[in-house]
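Chemist: Here's the letter readout for the chains.
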Amino acid sequence: MSMKVYIRASACISAQKTFNSDGFLDDIIEYTGTRLKAIEPDYKQFIDPKQIRRMSHVIKMGVAAAKQCLNDADVTMPGAIITGTAFGCMQDTVTFLTRIIEQQEELLPPTAFIQSTHNTVAAQIALMLKCHNYNNTFVHKGISFESALIDAIMLLNEKETDNILVGGTEEMVDTSFKVLTRLGLYRRQPVSNLSLFTGEFKGSIGGEGVGFFLLSNKPSTDNLAELTGLKTLYKPKSIEEAIIAFLQSNDLKIDDVDLIITGKNGDIKNDEIYNQLSDLLFKNTSLANYKHLCGDYSVSSSFALWLAANIIKKGIVPDTVIERNIEISSPRKVLIYNHYQNKYHSLMLISAI
Amino acid sequence: MSSSVYVAGVGVISAIGNNVAEHLTSFEQEKAGMGDITLLNTIHKHQLPVAEVKLSDDELAEITGLSSTISRTALLSMVAAKEALADAAIPDFGNLRTGFVSANSVGGMDKSEDFFVEFLADNNKGKLRNVFDHECGSMTEIVADKLGISDFMTTLSTACSSSANAIFYAARLIKNDVLDLAIAGGTDAITKFTLNGFNTLMILDKELCKPFDEHREGLNLGEGSGYVVLVSDKVAKTLSKIPYCKLSGYNNSNDAYHQTASSPDGTGSYLAMQGALKKSGLTPSDIDYINLHGTGTPNNDSAEGTAIKRLFDPVYPPMSSTKSYTGHTLGASGGIEAVFSVLAIKHGLIYPNLRFETRMEEVPFEPEKKFLKDQDIKHVMSNSFGFGGNCTSLIFSGI
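Residue numbers (this note's numbering), protein chains in the order written: chain D, 1 to 353; chain S, 1001 to 1399.
None of these hints come from the bench; they were simulated from the model.
Note that this is a predicted model, so its numbers are computed, not measured.
Take the hints with a grain of salt, since some may be wrong.
[As the list claims (entries may be wrong)] Derived DSS-like pairs (lysine-lysine); straight-line CA-CA distance at most 27 Å: (1) S:LYS1237 <-> S:LYS1309; (2) S:LYS1045 <-> D:LYS159; (3) S:LYS1146 <-> D:LYS231; (4) D:LYS235 <-> S:LYS1279; (5) S:LYS1146 <-> D:LYS343; (6) S:LYS1309 <-> D:LYS130; (7) D:LYS178 <-> D:LYS17; (8) D:LYS269 <-> S:LYS1127; (9) D:LYS283 <-> D:LYS269; (10) D:LYS159 <-> S:LYS1127; (11) S:LYS1125 <-> S:LYS1146.
Assemble the whole structure, with the sequences as input and the hints as a guide.
Modeler: Written as structure tokens, this is what we have:
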């Protein structure tokens, strides 16, 4: 798949001050616990107050970030709106499911059901913009966001449009946090997010957030960066070989990469592959991590993409993300390697424009 | 880059049959699949008709080789995906870049409902096995694993247009040279969640649904799955039989009117159909049959009918809603009806719109009432419209 994909703008809501912030991860918030909650923006700037009351957490975050991203990109009507989410609208799903059981299927109000479908965020954005263009939602676990990106890249490639709003959206509610904790995804003891990578433990910390991007095939000095490669893999036999092949398909060798952002999440089993690569394929490359800032969630790679695009645009690697800094310079090529539950792996290559 | 994408195989399961052959028989015999609720423990039993697949989870597990503890959504998916792949009989299957692109709207909700009863009483209770595969993506993964597909998989969810979007996303993966072939479509099982959801919206007919009829009163919930096997030019040439047809047109537009209701003038539907025609290089008069979205709700059918009038007036092709047989299978409907569209071309069929009596006031046309064979059908349009204003039209064309 040939591609010319520029990131014109990006807006990210997370547990850190990433949204509408003048700084760039220079005022880090420390949390102690096993779950990071996104910092809620002032929604009144983006959404009619009457609607705010009806909207769930993820809908509000999604709409606000989408609007901010469009503002930053100076785009009023995107040619397509595409989102990725593994769990969709959990708050409304849990509300409706709870009422079915507690009220024994009687006198149920419809609002939670209406807003529980996975495409609600993309639909609400279209509704607010009165945007009749292409609208799609991907819901495939740890590669939901990447699937949305692939769709966007193809649309640009097919010349269907020259600007696309694409985002990853995920909310963590008490129910999903409890269930995922019981399934062993998160630590059993509270931990400081800033010491997530210290020691050997089972489990990560839960997170949530949304990251929106305005992608375009038009070069501009305003672009943050270029997305030059994307690949998803399911249970790869050798991730090392897959990474080499991915770089090769982009006419690159590992030494051409200035910085690698990995999806390390503080779980001993999850991080094994990153640690191995750190001593082998990645041994001469600067390394960064991000999940201590936003927590682990299915579309956290959207946070990583926001991070990479800003690192390239600003020419700064924030101290908080650095695991190993071999060369201090402004990175021009950044590789994001993330995997979710050791099954779904994704590679993204972001380059200076 | 493949210029055309061909349909090489089809598979389907719904209330009117467990495979393609049974569907063709039911269509001809005009046998609808609705009946009393037997699978769910719900207060709506004997009150609301639904179109259930006539196999229990245990029977589905037996047929598919999957465990009966797996969500019905995945079990149904496996039946049709397996049939489609076998039908396509792709030589050299193992050496091609194969994808499984599936859609659904409920995921593992049937099992999550069981989990949730115990969980609500005590958050440390509830069998984790029942909630482990809650995600929509898990349904796709279970089936892809069983089919031995690992090159590419993803899941789409745009409510009732989900699997139509899956089909054309897969076609584009082939056109963009990411894949050589893909099994694409969708699945959904009836759950208490969706039954109660649609019931709160007061759009479920207490009698059998009457799509496109002036006196229609709502939809009947259905379940099932449907898949097409899409292949590139190159793979098509290696097949031992001629592909059924091409996917010649597709478009996804948004109504941008309301989260659940359709706009009175059917803007989204109109744009979806118009865009699909443009993509295929066809004009409205080229369409030989429209497989309507036709849910049977007053609002949906009125919007779709108005959009068809705007686009096709004054000459209307034969059209019908096969939801009068299968009920509304939600995220599966686009896949199931894509299979029906392909079979219409293959066998020259037009399916009747069962129980139609009175023309809708706002349109000058009526759906087809009789089962017609030996028709010359070259181009079929299949409509799928959903919550969130998600409207998708596909066009299949004979070769």
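Chemist: If you check each hint against the structure, which ones fail?
Modeler: Structure breaks hints 1, 2, 4, 10, 11.
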